[in-house]
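Colleague: Knowing the structure of chain A, use the given hints to seat chain B on it.
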Amino acid sequence: MVQIENGPSDDNGADRPLSYADLVRWFVIVGLVALGVAVAIAIKETLLLFAIAFLIAMVLNPGVALLERRGLKRGLAVALLIVVLFAILALVVFLVVPPFFEQIQQLIEQIPGEWNRLYEQIQGWIKTYPVLQQALPSRAGDMLNTVTGQVGGIANFLLRSTLNLANGILIALLCLLVVIFTLIEPEPITTAYLELVPPRYREPAFRSLARMMHQVSAWARGVVINGVATGASTAFYSRWSESNPRSYSAFSLFWVNSYQSSDRSLLPFPLSSWRRVWVLVNSFSRFSRSCLCNKLKPICSSLLSWESR
Amino acid sequence: MKLHAVTIIFFTFAMSSLFGFLGLILVVPAAAMVKILISEFYLRPRRIWSESVAGQARELARGQIKIE
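Chains as they are written, first to last, in the working numbering: chain A, 45 to 353; chain B, -3 to 64.
Only chain A is shown next, with the shape it has when bound in the complex (with noise of 0.2 Å):
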């Protein structure tokens, strides 16, 4: 009789046949493992926050252990850290934005004008294509009524906008909330995550989460030094090109800026060769697409039927 001998049976049972104890043990992993991944989905814009708050953190905390190490609290060195970034973040505001508010000003004023160059350009076109005169409206005045009327949804658009960026301020407050907190006292929320994962992976999560934030650190200073760096060297180039001491704010209009003419241009001569052909590009492919192909078309059959009545 041949007997098959069995490999070493291991220690955890592998071996063993499934009983009744290991099948619900699977059906209940299995169903709060399902549990988790519903919640987390109902909760996803919570944890995005979450997620955001703690990079942020993560970024933050090298500044806050420096200033511990020279002595402060730890409350003190957040509320330090804090005053600093609001400081920076005043002066900026304070440099780029009433220039932008006077530029939308002067964009306000040039509207008829650049009506009329629009009128003249499509005017151009129907002279190159002549079967673009059937789908638009034969005066100037029928264009703008067509656009009047779409005024509703305007208006509407504007008011959401306007709801968004309330939703998003506040969404922001709460996010640095989360910062401040997690600042003042990190050791109780990395405690719980390293208690949390098996021990047995306690020191790759430990490694990992301090190359995490190492990293993220590094990229902050990255960013910060590439944004000073690009920031101060266009405005510096800008001033000393063009005399103009708004050029502060080099990078925040990009589109509206392309409304005027190069004398006033807040860009930098070398960015303002690509400035308009992007916007030269970018302007056609809008009013090509979204105009021309999805908007016009209705639009111009509903003038038509007005104008045969």
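None of these hints come from the bench; they were simulated from the model. Where is the CB? At the ideal position from N, CA and C, for every residue including glycine.
No more than 30 Å apart at the CA atoms, straight line, and that leaves these computed lysine-lysine pairs for DSSO-like: (1) A/Lys88 / B/Lys(-2); (2) B/Lys(-2) / B/Lys31; (3) B/Lys(-2) / A/Lys117; (4) A/Lys117 / B/Lys62; (5) B/Lys31 / A/Lys117; (6) A/Lys88 / B/Lys31.
Beta-carbon label-pair distances, calculated as ranges: (7) A/Ile132 / B/Glu55: 25 to 33 Å; (8) B/Arg40 / A/Leu110: 34 to 42 Å; (9) B/Pro25 / A/Gly75: 21 to 29 Å; (10) B/Tyr38 / A/Ile198: 48 to 56 Å; (11) B/Gly51 / A/Leu129: 28 to 36 Å; (12) B/Phe15 / A/Leu202: 28 to 36 Å; (13) A/Leu214 / B/Gly51: 36 to 44 Å; (14) B/Pro25 / A/Phe145: 48 to 56 Å.
Modeller: Chain B in isolation, oriented as in the chain A frame:
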């Protein structure tokens, strides 16, 4: 039992997303219950104590880790 401020804020968001206004009322009890359940059913059977990882957490918070 100590509940961290970030825990309370997280549960405020999560409970309001899941259960609306009723969830907002139950934020603190829910946070405490979850903490107790994790402690009793996950940490205690595995003999995981906060003191064993507190040192590592302190090192991370103070930025004292040298990356090789």
